[in-house]
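Visitor: The whole structure should be built from the sequences, with the hints applied where relevant.
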Amino acid sequence: MLFTSYRFLAFILGLFLLYYVVPKKCQWPLLLVASYIFYAFAGWECLVFIGATTLTTYGAGLLIDQNHARQKNYLAEHKADLSKEEKKAYKEKQKNKRFALMVVCLVFNFGILAVLKYTNFVIANINGVLQMTGSENMLSFRNLLLPLGISFYTFQSMGYLIDIHRGKYSAQKNVFKFALFVSFFPQLIQGPISRYDDLEKGLFGQHAFDWQTVSFGLQRILWGFFKKLVIADRMLIGVNALIGDTDTYTGFYVFLGMLFYALQLYADFTGGIDITIGIAQVLGIPMQENFNRPYFSKGIKEYWRRWHISLGSWFTDYLFYPISVCKPMLKVSKFSRKVLGEKIGKRVPVYAASIAVWFVTGIWHGAAWNFVVWGLGNCFFIMLSQECEPLYEKFHARFAVKDKMWFKAFQIGRTFLLMCSLRMLDCYRDVPMTFRMFSSMFTDWNIGEAVTVGMWNLGLGVHDYVVLAAGTVILFTVSMVGRRGSVREMLAKKPAFVSIAVFGALFIATVLFGAYGMGYDASQFIYNQF
Amino acid sequence: MTEKKKGRGKRIVSVVIGLVVIVAVLALLQRLVMPKYMGDVKEGALIGEYYDEEKDFDVVFIGDCEVYENFVPATLWENYGINSYIRGSAQQLIWQSYYLMEETLQYEKPDVIVFNVLSLQYNEPQKEAYNRMTIDGMRWSTSKVGCIQASMLESESFIEYVFPLLRYHDRWSELEPEDFKYILGAEKVGHNGYYMQVGVVPVEYIPEGKILGDYSFGDNAWSYLDKMVALCEENDVELVLIKAPSLYPEWYEEWDVQVEEYAEAHNLKYINFLEHTEEIGLDFSTDTYDAGLHLNLYGAVKLTDYFGAWLVEECGLEDRRGEEELSNAWEVKLECFYNQKEELEALKEEEF
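Protein chains in written order, with the numbering used here: chain C, 1 to 530; chain E, 1 to 352.
Treat the hints with care, since some could be wrong.
[Said to hold, decoys possible] Beta-carbon label-pair distances, calculated as ranges:
1. 213/E / 104/C: 57 to 65 Å
2. 405/C / 128/E: 49 to 57 Å
3. 208/C / 153/E: 14 to 22 Å
4. 29/C / 142/E: 34 to 42 Å
5. 208/C / 12/E: 18 to 26 Å
6. 44/C / 129/E: 35 to 43 Å
7. 218/E / 141/C: 34 to 42 Å
8. 44/C / 128/E: 24 to 32 Å
9. 245/C / 173/E: 18 to 26 Å
10. 154/E / 206/C: 35 to 43 Å
11. 245/C / 177/E: 32 to 40 Å
12. 218/E / 448/C: 53 to 61 Å
Calculated from the structure, these hints are not laboratory results.
Since this is a predicted model, take the numbers as computed values, not measurements.
Here a beta-carbon is modelled for each residue, glycine too, at the ideal position from N, C-alpha and C.
Guide: Right, here's the structure in full:
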């Protein structure tokens with residue numbers, strides 16, 4: 001059930017009405033039922049996978065939690081009987097048990113994800129090697145089901161399990177409540193990847209109808225639809241044309257495609273997240289933000305703190321830190337400091353963890369080498385900028401430009417173009433092709449032809465460009481205004497007719513100028529694919 | 001009243017006014033972007049014109065272009081005093097004809113309903129554009145709902161029939177002066193559902209029909225013919241099946257036999273005009289405006305005159321030209337009819 005389908009609109013409208021009509025204690029069970037109905041639309045067989053993740057994570061979480069409690073009780077009971085060493089040994093034994101439980105569950109669930117998502121990638125690589133060795137025996141690809149949102153719900157569930165293992169909070173005792181945490185439908189298909197302690201109160205609390213909250217939620221949903229339908233899906237026509245014909249569209253067209261894709265991806269992904277957070281807000285459930293005006297970032301590190309925030313923080317908390325401080329890495333750190341010196345040696349574990357994180361980030365986005373190169377490319381530029389830090393400092397000590405407006409604009413533009421360039425790997429989905437297209441920007445000088453003829457033959461007419469330009473201006477303006485606080489709250493403080501006029505116009509613009517219905521292919525949200 | 005209550009009251013009033021304005025703007029935009037069928041393709045405007053009529057017809061024709069291009073209610077009135085109307089639109093499928101019949105019978109009980117059988121060849125929905133030409137013009141009723149459900153292609157949505165703005169929103173970029181001109185209402189296109197054509201394109205070549213694997217009409221199509229028969233029986237209306245004398249698309253012998261057998265089994269009258277072209281006096285070098293696909297006015301008048309005599313004889317329809325009110329209404333209609341005939345003929349002369 002696509003977010004942009006009439007069926008989905010009817011589904012959430014019905015849910016909203018029911019949600020505030022049923023007794024408050026029935027609200028979360030209603031959400032669970034709705035989430036599973038929503039998920040069943042993706043195919044009944046998908047329920048098996050989400051069910052397996054739910055049950056195994058719930059069980060493992062409960063066992064780990066019970067172990068925590070048992071250890072605490074045992075130590076309290078035997079406080080006087082046990083020596084320090086015995087206590088330590090007991091703790092160690094229990095810790096290993098908990099660790100084993102967690103690892104089994106992690107392996108099982110990441111295993112499902114790996115098998116379903118990466119089997120064909122592995123087969124393709126094996127076939128590549130076989131082909132190089134001249135073998136004629138190729139492995140055949142498997143027709144595997146990829147359940148909707150598997151990357152998102154697996155990461156969310158495993159985050160929960162690791163937190164339980166760390167003793168961050170207690171396990172959820174009610175299996176149905178836990179099932180809702182895993183399957184909560186608005187976030188199921190494109191995130192954000194929520195933390196249990198962030199979501200718990202909102203998800204299982206009792207919510208009375210509050211006009212302000214509900215209207216804010218509806219406004220957010222509308223804003224998401226505007227971004228998705230008016231900007232992203234209209235831009236998609238141009239992006240597909242530019243990417244689809246790599247013989248014709250070289251040189252300036254590649255640059256154009258880069259910009260178009262940047263806008264499309266941003267409007268698509270943030271639009272989807274707006275709809276997700278808006279739906280949750282209508283239901284009275286606060287949800288963490290996933291974007292913070294990323295295209296205003298002045299550096300690549302900052303960009304990744306502001307783009308897909310929940311994924312970045314997941315990798316930081318559950319992959320980067322564990323790798324950085326694990327025992328083998330501490331040994332590597334010690335060794336590298338000894339061999340390479342304090343200054344360089346201390347960076348080795350950080351960089352090793354970074355490479356691992358970015359490799360996984362890349363492969364998480366797609367089972368293909370272009371995503372791996374994209375991830376490692378990001379890693380390379382982050383490291384490079386860190387290594388260049390002393391140079392920047394010297395530059396800024398010599399030239400007082402750091403606070404100048406034009407310099408900030410330069411930094412923003414530079415970061416934007418760098419991220420767009422890296423994202424070309426996502427566009428062309430072929431590493432050599434991407435490099436070829438990238439280099440054509442500097443060798444094929446066809447800007448005149450592109451502007452006067454080519455860009456008008458991409459399936460976008462003058463009216464499309466006008467809508468896209470207006471939509472982008474609105475997007476930019478809202479982003480600028482949003483730096484001072486919530487735009488919706490600002491509007492709510494004005495006389496009622498102002499916000500009615502603004503959101504009325506936004507609704508009419510979305511209905512009239514949206515790229516939906518017959519004649520447009522229903523475009524999935526880009527992040528649905530993960 | 002406290003300030004707080006006053007503020008809340010003001011807010012509620014603002015919200016209500018705001019919503020009314022938004023709905024009004026959306027309604028206006030919907031009218032603006034919906035096709036008006038006032039340009040080259042006028043057929044989509046025919047269905048909606050029925051509702052403005054005084055519904056007291058003796059004969060109602062139901063079917064596709066083979067009825068609204070080939071039969072002239074004005075001739076039936078002038079020559080036989082038969083008050084008739086055509087409820088037809090382009091490629092009107094049999095289930096659409098059924099629901100139009102059902103809707104018509106909610107308004108009136110004519111003596112005879114004439115159904116053109118060509119659409120029996122279609123067992124499934126065909127093209128959205130044609131669906132729209134039939135359905136958009138219908139007023140909301142259970143018949144319209146049924147018609148939509150029976151006609152929708154997989155790519156269509158019911159909600160887009162309820163709010164056509166959702167279907168036609170993208171026309172904002174291709175609006176023409178006629179969209180603004182006819183935003184509040186279109187001009188009348190038909191003459192009691194007849195769409196006048198005075199051009200002449202003689203038949204020079206008749207494309208041969210493709211050989212079909214199976215000449216049987218589909219179950220779905222038959223089921224709607226069964227429903228039509230039942231509906232007419234329930235309402236004590238005589239159902240007459242016809243096949244208009246269009247030379248193509250091919251009306252296969254195998255198809256004709258099936259209809260004949262069905263008519264016989266259900267005690268229905270069936271007349272295939274393709275077998276009577278000589279008696280009618282049709283001359284396909286002068287009586288068709290598109291080389292045999294449809295008749296022009298001159299051919300349609302001949303066919304209608306022939307059918308009028310048949311209706312009087314076979315169905316016992318009476319001459320109503322003595323009814324003053326009806327005669328007055330027809331006087332106005334005939335004036336309009338002949339004015340348009342003159343205009344079109346003058347235009348044809350000019351073009352020639």
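Visitor: Determine which of the earlier numbered hints do not hold for this structure and return their numbers in increasing order.
Guide: The structure breaks only hint 3.
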